[in-house]
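**Student:** Next come the chains, spelled out residue by residue.
Protein chains: 4
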Amino acid sequence: MIIKLNKQIGEEELEKIKSEILKNNENVRVVVNESQNEKILGIIGENKNVDVSSIQENSNVLQICKIDEPYKLANRKVHPEDTIIDFGDGDKVGADKIMMIAGPCSVESEEQIVEIAKRVKEAGATFLRGGAFKPRTSPYSFQGLKYEGLELLKKAREATGLKIVTEIMSSDDLEVFEKDVDVIQVGARNMQNFDLLKKLGKSRKPILLKRGIASTIEEWLMSAEYIMSEGNQNVILCERGIRTYEQMTRNTLDISAVPLIKKMSHLPIIIDPSHAAGIRWMVEPLSKAAVASGCDGLIIEVHNNPEKALSDGKQSITPDMYDNIVNQLKPIASAVNRVI
Amino acid sequence: MIIKLNKQIGEEELEKIKSEILKNNENVRVVVNESQNEKILGIIGENKNVDVSSIQENSNVLQICKIDEPYKLANRKVHPEDTIIDFGDGDKVGADKIMMIAGPCSVESEEQIVEIAKRVKEAGATFLRGGAFKPRTSPYSFQGLKYEGLELLKKAREATGLKIVTEIMSSDDLEVFEKDVDVIQVGARNMQNFDLLKKLGKSRKPILLKRGIASTIEEWLMSAEYIMSEGNQNVILCERGIRTYEQMTRNTLDISAVPLIKKMSHLPIIIDPSHAAGIRWMVEPLSKAAVASGCDGLIIEVHNNPEKALSDGKQSITPDMYDNIVNQLKPIASAVNRVI
Amino acid sequence: MIIKLNKQIGEEELEKIKSEILKNNENVRVVVNESQNEKILGIIGENKNVDVSSIQENSNVLQICKIDEPYKLANRKVHPEDTIIDFGDGDKVGADKIMMIAGPCSVESEEQIVEIAKRVKEAGATFLRGGAFKPRTSPYSFQGLKYEGLELLKKAREATGLKIVTEIMSSDDLEVFEKDVDVIQVGARNMQNFDLLKKLGKSRKPILLKRGIASTIEEWLMSAEYIMSEGNQNVILCERGIRTYEQMTRNTLDISAVPLIKKMSHLPIIIDPSHAAGIRWMVEPLSKAAVASGCDGLIIEVHNNPEKALSDGKQSITPDMYDNIVNQLKPIASAVNRVI
Amino acid sequence: MIIKLNKQIGEEELEKIKSEILKNNENVRVVVNESQNEKILGIIGENKNVDVSSIQENSNVLQICKIDEPYKLANRKVHPEDTIIDFGDGDKVGADKIMMIAGPCSVESEEQIVEIAKRVKEAGATFLRGGAFKPRTSPYSFQGLKYEGLELLKKAREATGLKIVTEIMSSDDLEVFEKDVDVIQVGARNMQNFDLLKKLGKSRKPILLKRGIASTIEEWLMSAEYIMSEGNQNVILCERGIRTYEQMTRNTLDISAVPLIKKMSHLPIIIDPSHAAGIRWMVEPLSKAAVASGCDGLIIEVHNNPEKALSDGKQSITPDMYDNIVNQLKPIASAVNRVI
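Protein chains in written order, with my numbering: chain V, 383 to 722; chain B, 383 to 722; chain P, 383 to 722; chain Y, 383 to 722.
Nothing false has been slipped in among the hints.
Keeping only pairs whose Cα atoms sit at most 25 Å apart, straight-line, the calculated BS3-like set for lysine-lysine is:
no., chain 1, residue 1, chain 2, residue 2
1, B, Lys645, V, Lys712
2, Y, Lys645, P, Lys696
3, V, Lys500, V, Lys712
4, P, Lys479, P, Lys645
5, P, Lys581, B, Lys584
6, P, Lys459, P, Lys421
7, P, Lys587, P, Lys479
8, B, Lys581, P, Lys584
9, B, Lys500, B, Lys545
10, P, Lys690, B, Lys430
11, Y, Lys430, Y, Lys448
12, P, Lys503, P, Lys479
13, B, Lys405, P, Lys690
14, V, Lys696, B, Lys644
15, B, Lys690, P, Lys430
16, P, Lys528, P, Lys581
17, V, Lys500, V, Lys561
18, V, Lys581, Y, Lys581
19, B, Lys712, B, Lys500
20, B, Lys479, V, Lys712
21, B, Lys712, V, Lys645
22, P, Lys528, B, Lys580
23, Y, Lys712, P, Lys644
24, B, Lys503, B, Lys474
25, P, Lys405, P, Lys430
26, P, Lys479, Y, Lys712
27, V, Lys545, V, Lys712
28, Y, Lys528, V, Lys584
29, B, Lys696, V, Lys644
30, Y, Lys389, Y, Lys459
Hints in this document: simulated from the structure, not taken from any laboratory.
For reference, chain V alone in the conformation it holds in the complex (with noise of 0.2 Å):
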């Protein structure tokens, strides 16, 4: 069950809402939330004893909403638009616009980024992708530039303007990342690492959940809501393909995901073709998919030598190939009234 307050509420008044719940139920917990206009009690686990006609009497109720659902924060029927998540620049996730995320799979040195920055910018990505913190399969293959890599992609945030989506790793680089990158990544090896998802819910930065390699779409959701529960509404969903049994693509995109999640949930969701299905070619006609579907962003790696790049060179597209990819999204984005 979910509650909606009058933003102004006062303390006083909310404690009184709080015991009134409480009030004959030791099995229920109350959590605490704000919206942009209101205050928001999610009153979790066996809530059949809360005397819900008492409570609505009270003037700074809004509205009190049953939802059956274990995802509540990121559910729909709690929020019934769609989140836009507002850089307060113009960039905006979730509206009219799609989000357009490019780089490189890893940060490889400081020619290479500004260089692609430069190139997917003209191309009009808004964010520029690239891994500084590699989460690899192998200890043995090459784990990133770390610290390093994160000075090379602000060097190309301040060439170009594109804002910074990298994945984070420890919990113990949450400090960095609050300062230096605009979007953090959780990678789907982390989608259920729950220390990790619990202290970014402290965080008020937007987070990129990308969905675990066999995650079902509740799962996703209720990870999603483990950031949201403490606190950071700022989830940006990302389906990446998952694992099935056919081996002729790296992994099999979820189309459906879309729109499910649309359904189900008011939070945005991005596509990345690239990872999912792990072959160059593939990423145009990925792309037209995700977009026909109603996406509200793609993520795309793009490398300026993937013959030579350090990691995943297989599935990277040059410069040129994204250009030409984003104009011939801009036909089908128009078909389903979005713009690119």
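Guided by the hints, dock chains B, P and Y onto chain V, whose structure is given.
**Tutor:** The following block gives chains B, P and Y in isolation, referenced to the frame of chain V:
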């Protein structure tokens, strides 16, 4: 290895080439097929000892191509241009115009099928689907009207001019299907019913081959190969969702199958968004994604009274919804240089 | 709902009960079957309006049981004791003695099949497997010796007394199989070939029904139900590995299927460790796990020259290895109160 | 490539060998580890130019082995004998005696954990499991007693002598775990939390590494490699069911993992039948299958009042059931030359 020959090659010449191939190659088999303009020899098995240079000298030999993939006739390397299935009356599959198949899961009555046929034709469909023989998980579920159902489909065809697409479940019915049906569907459960596939290979009717619920793309092409190696080159592939761990949708639409098939094969590929999701409101976004990805057609379940449908009501849309979807698809089709 | 009747019930009495059931129930169907001692009426569909109390008064009614699961005749609730298939000569399936089926993937020659039959019989097998009609993914692979293969199997039976288990691929061959074969196998690819299942339901031969490569346990039981609802109660289920994302083994043996089937059904269940893993050295540990889990039999590929086998050589073991495995299984069988 | 060196090799000699390896090989990395009797150099990357013959001449070099698999230290080729983890007080993992871990999903109270510890010890367990920090899909579910839970586990250890196995969720807690816990568990959701794995690699405590819910066996070994490459060789692998399409069980126990791990690695592997099935009555047959397949241990959820358990009650068995299962496992263990 594939050898393309002049179609007018004489029997004697052909035998000479075949014996040249078999010389010193006891583990080799030669399959002979015909396309519109060529005779095609498929050389199957260990063909290292085949003396290519001496065969190449024969003036009837147009081209020799080495093919590593196990699918030969279905392979784009053998047949670089798209296969276009031409019904001779203007209707084509695999060309610019997207194949629009619509109709109910089951044929239920004359009134029902004729009414739906009229409505979907108005909306833009050119093919009518409708199950007469129904493959049901339970022996106690409605098994279809069978031969009576075929008769009703013929009445709907008469009334509208729509061609009939319907599923065959037993090779015993093949003679009737040959006579009465325009496109013979093989359901997902029979994708590896090799006895049926071989018999359909002797027919010249177009075959709509649905992908098995957990078949790889390679296995699917091999099933097409079963039909083609018996002589029937008119195969239309249909992706209808694969089985994964995700339970929110009935199956997971593998949208990547479209570009993969387009790359590896010359056969047309269509999408079934109704079975893929199993959810009415998802037909629209998945159809949009399918068209944007480059598919050659859509097969959609439409019922005039979905709530009372004898099967698959949950995923059937109304004729009005179909009309609306077709209209929304038009600009997307146009964005990828196709027509609806 | 299932109603068990006195087997000697007269036709008139039976009709009276049936009309009592159908009264006021237009969506109900009655299926009549016979077990050894009873006539069984299966009432399928919405049976809320069936007047149970008035039916119960009829002296021919032995028992009425309500069954929520979609499988009725295969359900342990209908048939609480284990089904034992009795060949009349001492051989039984489903009783204390574990069914030991062994033999090559394909029948290749008289010498081969007779030699292997002799060797596996010595080691303790009582059934001989061997493919005459082979379901191969590729139309260009060896498709089996067909009728000649059946003749060779009969020679091996003559020489050893081993009963024949072999796969049927077309209902066209059913008459010959009825005459020549002891247990008719339905392969994984045909598990939902409902036309074939119905025809096998008219037979009284034991049917070995392999689980489809991605079929749920419920779907598998429903396929057994197709056979049983046509009158043939002699169904043996065979788990042979399911398709998952893991690629180190050909399939993933679902060992949980054994206790699940034992709980939900009365039918015997056997395990095929050869196809499950696709790796020779894994046959031993998986066979041990299978026997320990409570299965009723093992079907194992044995070849006298695995390196030269025409199919599935990688997973075939030698007769010596088979002998060794059988010896190692004996104490495990004894630990779970079974005999080999 | 792996080079085993005399453990007493001097620093200077070691550097000489390392520089010999790196000569002409800019893409090569050398990882140094120690086993009980040897120093092990792992040569990672393109090592075609390494001059093996000149290195072999060095008298400190005991063995050079080429390893294609990406897992090096976890590879049986490097360490042909089984790894035995010796607690120094007679308890060992990986030797003849099967590791029997039992206890509740969550530690709930002193009374609960001490009572269960006493009961499972009597039945034959030597390790006590119990969750203090709980990874729950929902942020609103019971998250464990945390540090208080660890204290209660210590009391149960005091009372019974059973060693403690419990899960770590944050590297922040590592210092406390080092001090208080006997075996540190990494849960399935954190199998690829590489930051945590690296930190655990600096510890010398045995690590129980659960397989991720959809991880391949190779990925799992690579996660062990993360721990081992940091110096901690005491890794116990735990198969706990993988995610498949089948919905009757919570997960699908991949029994093949036991022989596969035994073949490819020297690390001990145990089975968790409770999480694999998620169904109480299946613990017994799956435990039998696990022991027969050759596993080194079993981790089983036991609760004194499963119906009232704060988590996972459905799959927990009672102490009486545990006692009964242990007794039934004894003859199976003996049949495969193991002891319980």
